[in-house]
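Chemist: From first to last, the protein sequence lines are chains A and B. First residue of the first sequence: 1, per the numbering used here; consecutive thereafter. First residue of the second sequence: 1, per the numbering used here; consecutive thereafter.
Hints listed in this document are in silico derivations from the structure and should not be mistaken for laboratory results. This structure is a prediction, so every number in the text was calculated from the model and none was measured. Please note that a few of the clues may not be correct.
[What the hints assert, rightly or not] Within a straight-line C-alpha distance of at most 30 Å, the following computed DSBU-like cross-link-like pairs (lysine-lysine) qualify:
hint, chain 1, residue 1, chain 2, residue 2
1, A, Lys-275, B, Lys-121
2, A, Lys-79, B, Lys-315
3, A, Lys-4, B, Lys-35
4, A, Lys-4, B, Lys-391
5, B, Lys-122, A, Lys-296
6, B, Lys-315, A, Lys-289
7, B, Lys-318, A, Lys-4
8, B, Lys-318, A, Lys-79
9, B, Lys-323, A, Lys-4
10, A, Lys-314, B, Lys-121
11, B, Lys-318, A, Lys-314
12, B, Lys-35, A, Lys-70
13, A, Lys-377, B, Lys-122
14, A, Lys-115, A, Lys-134
15, A, Lys-70, B, Lys-37
16, A, Lys-289, B, Lys-324
17, B, Lys-121, A, Lys-313
18, A, Lys-8, B, Lys-324
[Stated by the list, open to error] Now the stretches of chain B that chain A is said to cover, found in silico as 3 or more residues with beta-carbon under 8 Å:
hint, region
19, 26-38
20, 82-93
21, 111-123
22, 135-141
23, 319-327
24, 380-387
Heads up, the beta-carbon is just placed ideally off N, CA and C, and yes, glycines get one too.
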Amino acid sequence: MTAKIEYKYDDMIHRCFRCGYCKFPTDWSTITNCPTYARYRLESFSAGGRLWLIRAWVMGEMEWTDRLAKIVYSCTNCKNCEEKCPISFSDNLVNMVVAARNAMVDQGSIPSPVKDFLNNVHLHGNPYGLSAKKRDQWIEDSNIAPYTNQEYLFYVGCEGSYDTRAQTAARALANLLLKAGVSFGVLGNQEISDGNEVEMLGEEGLLEELAEKNIRQFKELGVKKIITFSPHSYNVFQNSYPKYGGDFEVFHYTQILPELMQAGKLEAPADLNMKVTYHDPCFLGRWNKQYDMPRKLLKSLNGVELTEMERNKKSALCCGGGGGNFYTDFLGGSEDSPARIRVREAHDTGANVLAVACPNCLTMLEDAVKVEGLEEKLAVRDIAEILNGTVTT
Amino acid sequence: MNTVYNALADIVGEDYASAQIEELVTYSKDLGTSKPKLPDYVVVPANTEELQQIIRFANREKVPIVPLGGGMSLAGIAQPLRGGILIDMKRMDRIIEVNEKSRYTVVEAGTSHGKLSAYLKKHHPDLMHSMPDAPPAATVGGNIAIHGQGDLAHPHGFNSDMINGLEVILPTGEICKFGSCSVGSGWFTQHPLPDMSFFLGWGGATGIITKVSLRLFPCKKIREMDMFLVEDPELIPDVLYDLTHVGMAEDLAAFSGAIPPFSNKLHHISIFVSGDSEDEIEFKRRLMYDERLAKYIENGTGGIVATAQDIERPKTSKSADWKKGGGFEYVGSIMPVTAYAECYRRGVEISERHDIPYTVVGRVIGSSHAMMFAWSYAFNRADPATVQHAKEALHETDDLVLGLGGTIWKPAVYGQQIVMEHMEPNTLQLMNNLKNMLDPNGIMNPGNWEVA
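Chain A with its partners taken away, still in its complex shape (with noise of 0.2 Å):
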């Protein structure tokens, strides 16, 4: 036995029964449809057996280890588990592995890719540990505005304005907002984390000190509206922003996109001539319930046949870069690795096109096309890509 560790969820995570329904989606057509069970297939990285080691060791009936830490930081915070669990108190299953989180962060036992993501954003505003100054290169050579007191903040985040690929879906983006002649700047070299995978990863610290920063800056420059990128800075900026004073009015892309097309300041592009399926992003679908924007918008383009694939909208695979794995990949390298199950399910519904509408889907679903040997066959991209018509298939 070690020491007791103090816990936020003492009284509540004894009550996980371990009956399972959390590994399936909603009509239990497979047990793989928590990301990070579908990888292990180990009971314990399934969601109740994750809860059951925490309370092992929260109660000091077992010491922190390595492999304990990857079982609680593998968890993507996908939700799917909340939406299957019949027990009342199903609404707190991630906060109850974001809550060990927390308390591996008290005691400064966290794995190291963990660590370098926080050391990263807390050093250079971003967890690739790139430079601040080099955080508005994605603009290029386009007309995209400093943000000076415009209708919109476009926030583009941390992915969108250093990931190679991201960035080239903030640009279609941000070229679609122009053409529409929306009122919108952005931050540039000024921007910073918006703390979203900070939280999942449980340093309540750092995120309160991005937080408070960004709050700071956005009423400073006078911000009341905010258009995100990223559907992770929409979730952190949406839910976990007003308790340290942040109300902004706050829209994922894919919110705004079909009012302007809708009001003829956004012409959709000529023929498409694709077979879409769309891929639910993690932090709009399940934990903002939107689920039906994204489709609509595709369904509106000229030349889309939208596909389902079978798991979808809330029962949706998780890509598996959710809660920081994007960076920290302790999901990678296996045939099942959540994201290259999704490409494979993707590729089987006969869509040459598999949309997104989240920075990180793109990245990590692009590179599981590319492992998968689905280049040929299946072109992942960015609903803002398409509506732009600046990518192909």
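Take the given structure of chain A and dock chain B to it, following the hints.
Modeler: Positioned in the frame of chain A, the structure of chain B alone reads:
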């Protein structure tokens, strides 16, 4: 490095074998009241070939092996009582064949009932299988290894009565098939070959089931549930006799519980009724109610309290959350239907003695040939005193089952011991001989069904 671990990792790959404490702790714990029992290794094979290699290795090295399906028995049957290798079967979950016209499916034993149910609903909506009341993660192989029952128990009996063929790996590593598949035919019948049912109900103590041919049944377009209520538990066998006489129900189960209070000490009979048309349903209801149950309504001893309800699968894990405690375990028994009232009364006494609200259910098997009668005891996983109460209640109930002339369903070790104490000596000797013949090194789920 550990040679056993290395051998396992060589067979299944490093990701699917573990000797690390996190997996050992996870797999040491049953969902019920049993104390943890640590395995030494955990392995998750992908197919029969990998599993065969694991078993051959274990037999050669005389290392215990314990197969685990969904882990839903709650009785500690798949706990590694003597350590060794815990084999998680859930990666072997392919649906190999559905023969629609002959109404059977062949699946790998680790296939979850949830997956099979979803597959049939999508691809063969006219067919259904017997899904147990356990959560959807329960596996086909695990369920028949404990003589499970579920949907369609009234017309068709135990799930292990619905088998057309098996593939099993013996403890010594040989792969055997049983039924028509063993002579190169399809998997359409278990009979008429000589009976070699050495694996059903053994809880993995005689071999590991790897493939199962399950009978499928017509799935009617409309499936609904009615509820009939009586106050006197002595009437339940009569009502069930009346209902099973006409044979119009898809399933029948009587239950009673202390919670919610308004139905405390009342006895409900769930009557599942199905049909391809409203006419068919109406015809069935007429036979059940007008022809057989009207007398109870007329004399004021029974009444219909609900009709045409949607059938919702029971979420048994909700039972565990009584007072937010997270735990429950039950004693299941196979009983004559005539024992319902006594089972109920004695169950209430045991529950009251241990300060647990009583919950009892009797599912009809066959035409009232028997019932699976279960007494559930909830406990708070965070309160050892309540766990101990539940454990004592379970043991008392095990004793009760034998005392009332029944048999314990999927007994834990304590229950197995008292069943064997009551068993006719020659039968017990044969059981022992069979076990020793099949498993000469005693590696298969040791501690279970061991003759003293």
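Chemist: Taking the numbered hints from earlier one at a time, note which ones the structure violates and give those numbers from smallest to largest.
Modeler: none
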